[in-house]
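Participant: Okay, here's what each chain looks like letter by letter:
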Amino acid sequence: MIWNTLQLALREIRRNLLRSFLTILGIVIGVAAVITMVTLGNGATKSISDQVSSLGSNLLMVRPGQRMGPGGSAGAPMFKIADVQAIAAQVSGVKAVAPETRKSASVVVGSRNWSTVATGGTRDYFTAAGWTLSSGRIFTEAEERGGKAVCVIGSTIQRELFGGGDPLGEMMRVADFSCQVIGVLASKGQSAFGSDQDDVVIMPIRTVQRRLTGNQDVRTILVSADDGVSTDTVKARVEKLLRERRKIGENEDDNFNVLDTKQIAQALSSTTRVMTTLLGAVAAVSLLVGGIGIMNIMLVSVTERTREIGIRLAIGALEHEVLLQFLIEAVVLSSLGGLVGVALATGASLGLSSLMNIPYLFNPGINVMSFGISALIGVVFGFFPARRAARLDPIDALRHE
Amino acid sequence: MTGTAPPLIELAGITKTYGSGQAAFQALRGVDLRIEAGEFVAVMGPSGSGKSTVMNILGCLDTPSSGSYRFQGVHVETMDRNQRALLRRHFLGFVFQGFNLLGRTSALENVELPLLYRGEGVASRHAAARKALAQVGLDGWEDHTPAELSGGQQQRVAIARAIVTNPTVLLADEPTGNLDTVRSREIMELLTELNRQHGITVLMVTHEPDMAEYASRQVHFVDGRVAHDHQQPARTDGA
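As they're listed, the protein sequences go chains G and V. Heads up: the first sequence begins at 9 in our numbering, then just goes up one per residue. Heads up: the second sequence begins at 5 in our numbering, then just goes up one per residue.
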């Protein structure tokens with residue numbers, strides 16, 4: 009019975025191929041949109057959390073001022089090297105502590121020049137910030153202490169100034185002094201904020217302070233927690249120590265802030281999750297519109313096929329058989345639309361994710377759900393036209409022109 | 005069944021009123037009619053005489069306002085919509101003036117449609133449909149759609165569809181109304197053959213006396229009543 013009705017429905021769909029295609033177009037687009045949006049959203053979330061973890065694992069970033077961002081440090085005293093040494097000596101559960109100071113500078117090799125950020129750090133800076141070398145070495149303790157003009161460059165600098173050739177041992181002008189390239193960093197790619205992390209020159213902090221910034225300030229202290237030690241614990245210890253050192257009273261607010269990269273990751277991925285949900289919801293509206301399209305076409309089809317329904321009723325089709333036939337037609341159509349939509353979404357997600365440079369994450373849940381919803385739409389929006397067809401009076405239906 | 009078999013069809017005091025109040029129109033004003041199995045009845049009369057209404061009631065497509073309709077002794081007038089549909093499915097076959105075939109559907113698929121509703125399997129459906137098409141002289145035309153067939157051929161497909169279920173009664177509403185004389189004769193000969201060779205009772209509405217000549221009995225309607233009803237000698241083919 010169901011099988012026969014299914015055959016009838018399939019025969020009907022085949023009989024009106026173009027109309028069937030147009031009917032399901034709305035569902036196809038709706039399903040494809042929902043799946044593509046959610047898949048791309050998940051990929052973006054994944055790529056952002058990957059990028060944040062490339063900042064360094066278990067990393068705390070300590071900065072002067074109450075909040076992050078421009079102007080946030082106004083009036084608050086800068087850190088000095090002594091603060092870094094104090095954290096290293098007095099806070100337990102810390103793998104590496106490193107100062108960081110930055111100054112934008114133009115770098116020149118031969119006739120090529122490039123504008124970049126000169127970063128001053130210590131040997132521990134590489135550990136804390138999660139940098140590894142692709143070739144060469146980092147500076148020695150002696151070079152660090154002596155503020156020697158040596159530098160480790162990012163892959164972007166290597167590409168732009170050395171044309172991808174071997175830069176080790178070469179001299180490079182940074183602002184108004186020249187320094188020797190001793191190492192090249194392994195590429196990290198884009199940051200979560202869209203900037204190029206490989207566009208960097210790392211030198212001993214003393215070199216940067218003496219030759220570029222002209223002061224003893226440390227702009228950021230990077231604190232990397234030991235494996236197995238919670239960043240929250242380390243964060244609390246660092247805060248306590250710094251409050252003492254900066255002589256902040258019991259009821260005063262901190263004049264520095266400690267940022268946990270885990271928090272950045274969470275904040276960013278919750279933002280992208282909201283975006284994903286929002287885009288998914290917009291796409292779901294198009295799925296609903298697709299459903300109304302199906303109802304519309306099915307209603308037209310019932311009117312158009314009134315005489316046919318009359319014939320079916322005259323030769324002995326029961327009310328529920330006609331109902332079932334139209335309902336199955338609607339469900340088969342919308343499920344077909346769902347299937348085509350899933351296929352289209354897979355193609356679109358693969359293409360767009362490689363275009364947008366984010367990973368493609370197949371999400372079985374959203375595929376199954378979208379397909380299920382498309383079938384459900386067939387039932388819901390197919391029922392009304394089907395009932396109308398089944399309730400036709402056979403004589404009127406046969407007389408219908 | 006026991007004792008004397010009841011007549012195939014028995015109408016008693018059938019009335020049918022359309023609308024209500026001032027606008028009420030009485031299409032049938034008390035029709036009594038008995039039809040025995042194996043008859044070939046031509047229902048005639050001017051338009052508005054109630055002949056189509058009585059055919060709809062006989063075909064269980066419509067219900068009378070009052071009176072009783074017994075089919076093989078069973079009361080039909082009290083049946084609900086689905087019971088009447090089942091009666092049509094198992095005992096009746098329909099042929100219409102406008103053929104009423106499904107468009108863009110092959111002759112074979114059109115003919116096997118009633119069997120689909122009976123829940124028969126593909127193989128037996130195909131076999132029965134081919135046999136019915138052969139019976140109406142359309143071997144080799146199975147895959148043609150109605151648009152590819154002439155009017156006469158379309159009506160043959162419609163007849164094949166009506167007889168594929170081996171019905172007890174074949175109801176034909178102006179079956180030759182859309183056909184020329186030669187095709188009309190062919191269709192009438194086919195109906196006559198089905199009636200004589202296969203014992204199918206044929207009820208046919210027509211307003212053409214020529215066509216009514218083929219029937220074994222003519223029932224004339226005037227103003228919603230049977231005006232006269234007479235048997236006639238069977239006509240020989242190809243006169």
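Quick caveat, the hints were computed from the structure, so don't treat them as lab data. Some clues are possibly wrong.
[Said to hold, decoys possible] Here are the computed distance ranges between Cβ atoms for each label pair:
hint : chain 1 : residue 1 : chain 2 : residue 2 : range
1    : V       : Thr21     : G       : Leu307    : 31 to 39 Å
2    : G       : Met377    : V       : Ser69     : 31 to 39 Å
3    : G       : Leu25     : V       : Gly203    : 24 to 32 Å
4    : G       : Asp401    : V       : Glu152    : 30 to 38 Å
5    : G       : Leu307    : V       : Gly25     : 42 to 50 Å
6    : V       : Asn182    : G       : Ala289    : 52 to 60 Å
7    : G       : Leu18     : V       : Ala138    : 21 to 29 Å
8    : G       : Ala289    : V       : Ser24     : 34 to 42 Å
9    : G       : Asp401    : V       : Asn182    : 21 to 29 Å
10   : V       : Gly181    : G       : Ile300    : 47 to 55 Å
11   : G       : Leu25     : V       : Ser69     : 40 to 48 Å
[Stated by the list, open to error] From the structure, some residues in chain V lie toward chain G, with a derived Cβ separation under 7 Å:
hint : residue
12   : Phe29
13   : Arg33
14   : Met59
15   : Asn60
16   : Met83
17   : Asp84
18   : Arg92
19   : Arg93
20   : Phe95
21   : Asn104
22   : Gly125
23   : Gln236
24   : Pro237
[Unchecked claim] Negatives, chain G to chain V, calculated, CB over 12 Å:
hint : residue
25   : Gln15
26   : Gly154
27   : Ser163
28   : Gly197
29   : Val237
30   : Val266
31   : Lys270
32   : Asp401
C-beta atoms are modelled at their ideal positions from N, C-alpha and C, and glycine is treated no differently.
Participant: Hints first: check each against the structure and report whether it holds.
Facilitator: Tested hints:
Evaluation of the 31 to 39 Å hint for V/Thr21 and G/Leu307 yields a pass: the beta carbon distance comes to about 32 Å. For G/Met377 and V/Ser69, the Cβ-Cβ distance of about 54 Å falls outside the hinted range of 31 to 39 Å, so the restraint is violated. A beta carbon spacing of about 43 Å between G/Leu25 and V/Gly203 contradicts the range 24 to 32 Å that was offered as a hint. In this structure the hint that G/Asp401 and V/Glu152 lie 30 to 38 Å apart at CB holds, the actual value being about 31 Å.
Between G/Leu307 and V/Gly25 the beta carbon distance is about 33 Å. The supplied range of 42 to 50 Å is therefore violated. For V/Asn182 and G/Ala289, the hinted distance range of 52 to 60 Å is satisfied, since their beta carbons lie about 56 Å from each other. Between G/Leu18 and V/Ala138 the beta carbons are some 27 Å apart, a value that agrees with the proposed interval 21 to 29 Å. At about 53 Å, the beta-carbon gap between G/Ala289 and V/Ser24 misses the expected band of 34 to 42 Å.
About 23 Å separates the C-beta atoms of G/Asp401 and V/Asn182, a value consistent with the hinted range of 21 to 29 Å. Look at V/Gly181 against G/Ile300: about 42 Å separates their beta carbons, and that is not inside 47 to 55 Å. Distance hint check for G/Leu25 and V/Ser69: the Cβ-Cβ separation is about 46 Å, which falls inside the suggested range of 40 to 48 Å. Nearest Cβ of chain G to the Cβ of V/Phe29: about 15 Å, over the 7 Å cut. The hint is violated.
For V/Arg33, the interface hint is violated, since its Cβ never comes within 7 Å of a Cβ in chain G; the closest pair sits about 20 Å apart. The interface hint given for V/Met59 is broken, as the beta carbon of that residue sits about 10 Å from the closest beta carbon of chain G, more than 7 Å. Because the smallest distance between the Cβ of V/Asn60 and any Cβ of chain G comes to about 6 Å, under 7 Å, the interface hint for this residue holds. The beta carbon of V/Met83 comes no nearer than 13 Å to any beta carbon in chain G, farther than 7 Å, and the hint placing it at the interface is violated.
The criterion of a C-beta within 7 Å of any C-beta in chain G is not met by V/Asp84, whose closest approach is roughly 10 Å, and the hint is violated. Nearest Cβ of chain G to the Cβ of V/Arg92: about 4 Å, under the 7 Å cut. The hint holds. Evaluation of the V/Arg93 hint against chain G yields a held restraint, the C-beta minimum of about 2 Å falling below 7 Å. Interface restraint check: V/Phe95 against chain G, minimum CB-CB distance 9 Å, threshold 7 Å, status violated.
A least Cβ separation of about 5 Å between V/Asn104 and chain G falls short of the 7 Å threshold, and the interface hint therefore holds. Because the smallest distance between the Cβ of V/Gly125 and any Cβ of chain G comes to about 9 Å, over 7 Å, the interface hint for this residue is violated. For V/Gln236, the interface hint is violated, since its Cβ never comes within 7 Å of a Cβ in chain G; the closest pair sits about 29 Å apart. This hint is violated: V/Pro237 has a C-beta 33 Å from the nearest C-beta of chain G, more than the 7 Å allowed.
Against chain V, the non-interface label of G/Gln15 is violated: not every CB pair exceeds 12 Å, the least being about 7 Å. The claim that G/Gly154 is not at the interface with chain V holds, since no C-beta of that chain comes within 12 Å of its own (minimum 91 Å). For G/Ser163, the shortest C-beta to C-beta distance to chain V comes to about 65 Å, beyond the 12 Å cut-off, and the non-interface label holds. The claim that G/Gly197 lies off the interface holds: its Cβ sits roughly 58 Å from the closest Cβ of chain V, which is beyond the 12 Å cut-off.
No Cβ of chain V approaches the Cβ of G/Val237 within 12 Å, the least distance being about 72 Å, so the stated non-interface status holds. Chain V leaves G/Val266 outside its interface by the beta-carbon criterion, the shortest separation being 74 Å against a cut-off of 12 Å. No beta-carbon of chain V comes within 12 Å of the beta-carbon of G/Lys270; the shortest separation is about 64 Å. With a least CB separation of 9 Å from chain V, G/Asp401 falls inside the 12 Å interface cut-off, contrary to its annotation.
When each numbered hint is compared with the structure, violations occur for hints 2, 3, 5, 8, 10, 12, 13, 14, 16, 17, 20, 22, 23, 24, 25 and 32.
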